[in-house]
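Student: Listed below are the residues making up each chain.
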Amino acid sequence: MASEIEIVPAIATRREDAVSGLKGLISKGLGWARKYSLFQYPFVTACCGMEYMTVAASRYDLDRFGAALPRFSPRQADLLMVVGTVNCKQAPILRRIYEQMADPKWVVAFGVCASSGGFYDNYATVQGIDRIIPVDVYIPGCPPRPEQVLDGIMLLQQRIQDQAHHLTEARQPLPPLPGGEPAGG
Amino acid sequence: MSKAVIDALVARFPGVVTDAYEGVGGDDCAFVAKDRIAEVCRFLRDDPNLRFNMAPYVTAVDYLGQEARFEVVYNLLSTAAGGRIRLRVKVPEQDCVVPSVTSVWRGADWFERYCFDMYGIRFTGHPDLRRLLMYDEFVGHPLRKDYPLRGRQPLVPEREVEDVFRGPGPATRD
Numbered sequence: 001m002a003s004e005i006e007i008v009p010a011i012a013t014r015r016e017d018a019v020s021g022l023k024g025l026i027s028k029g030l031g032w033a034r035k036y037s038l039f040q041y042p043f044v045t046a047c048c049g050m051e052y053m054t055v056a057a058s059r060y061d062l063d064r065f066g067a068a069l070p071r072f073s074p075r076q077a078d079l080l081m082v083v084g085t086v087n088c089k090q091a092p093i094l095r096r097i098y099e100q101m102a103d104p105k106w107v108v109a110f111g112v113c114a115s116s117g118g119f120y121d122n123y124a125t126v127q128g129i130d131r132i133i134p135v136d137v138y139i140p141g142c143p144p145r146p147e148q149v150l151d152g153i154m155l156l157q158q159r160i161q162d163q164a165h166h167l168t169e170a171r172q173p174l175p176p177l178p179g180g181e182p183a184g185g
Numbered sequence: 001m002s003k004a005v006i007d008a009l010v011a012r013f014p015g016v017v018t019d020a021y022e023g024v025g026g027d028d029c030a031f032v033a034k035d036r037i038a039e040v041c042r043f044l045r046d047d048p049n050l051r052f053n054m055a056p057y058v059t060a061v062d063y064l065g066q067e068a069r070f071e072v073v074y075n076l077l078s079t080a081a082g083g084r085i086r087l088r089v090k091v092p093e094q095d096c097v098v099p100s101v102t103s104v105w106r107g108a109d110w111f112e113r114y115c116f117d118m119y120g121i122r123f124t125g126h127p128d129l130r131r132l133l134m135y136d137e138f139v140g141h142p143l144r145k146d147y148p149l150r151g152r153q154p155l156v157p158e159r160e161v162e163d164v165f166r167g168p169g170p171a172t173r174d
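Chains A and B, in that order, give the protein sequences. For the first sequence, the tail end lands on 185 under our numbering, and the numbers increase by one without skipping. For the second sequence, the tail end lands on 174 under our numbering, and the numbers increase by one without skipping.
If you are wondering where the hints come from, they were derived from the structure by calculation, not from laboratory data. Just so it is clear, CB atoms sit at the ideal spot from N, CA and C, and this is done for glycine as well. There could be a bad hint or two in this list.
Which bits of chain A does chain B cover? Going by a derived footprint, with three or more residues having C-beta under 8 angstroms, they are [said to hold, decoys possible]:
(1) 39 to 49
(2) 128 to 140
Not close to chain B: a few residues of chain A, all C-beta gaps over 12 angstroms, as computed [claimed, not checked]:
(3) Val19
(4) Ala124
(5) Gln148
(6) Met154
Taking the hints into account, I'd like the entire structure generated from these sequences.
Tutor: Have a look at this one:
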């Protein structure tokens, strides 16, 4: 992969060059480690869940991409897969689960309902989970084929590799809750 | 079978059970006066020849613009004697209150809560008349014909998103 073999200075005469070169190496190493150890939390609400089971099972085998283990606690996961329709009643739950996940974390909108509300353009359905939480990869389809999901996972891995990683992460603040209490404490 | 049921009902409740007809699918239907529906249902359940021991579906319809705006529909089933019957109760908008049949069939509980949630029809004598599907903060009744189709009432503040067709904008615009 091109981003992994970028040239770093072997001999640095200035402190800034040495520090930034070291930080780049750390970032690439962390990115490489993180993209192959995606612990996913499946937030399965609807019929896309059947397709999620298919893609997680042996025939399509998410394990090849290091995303093998679904963790059923958001505190142990770093990839939130929102699989299915999210309605207005569930939006606070989804947001709370996202806030419980430790940084760094990524979100995949699995299927057209999670991405945009799908054909549920009515009084009850959130028109895409990006209205609630930030999303990294959108996978279209009703439901998506397993190949599409694998493609989405590979896109996410590329994104993780290319983004900047730090040994300590700064938190991304969310907008405050209606009660005035700051989100996520 | 159900023709005999309708005849028995009309004979037992003259002026209360009216306008009997054979509906789609062959079930016999009749209109029932609103105040007497619980009484009619109790008779249907307890009469030894009829024994309508189930209410598989109780729902409501909004006929916006008609004289009696709402209608509560009781689909009844007799597993003991066989046969189905459908009772329709006209409910005017000004007097949106119907006697509950939860004392007759315990299973009508959630159906009546559903009708209250979606249409705003209140049932007197219901043990726990709360919303069934929507959240408590929701204002209005979404299956009424005059409720806006996209009348979403979000519980959490929504982020601004970029719409690929219409560009960026507040999430609440549609």
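Student: Now look at each hint and say whether the structure bears it out.
Tutor: Checked hints:
no.	hint	result
1	39 to 49	violated (count 0)
2	128 to 140	holds (count 6)
3	Val19	35 angstroms, holds
4	Ala124	7 angstroms, violated
5	Gln148	18 angstroms, holds
6	Met154	22 angstroms, holds
When held up to the earlier numbered hints, the structure conflicts with 1, 4 and fits the remainder.
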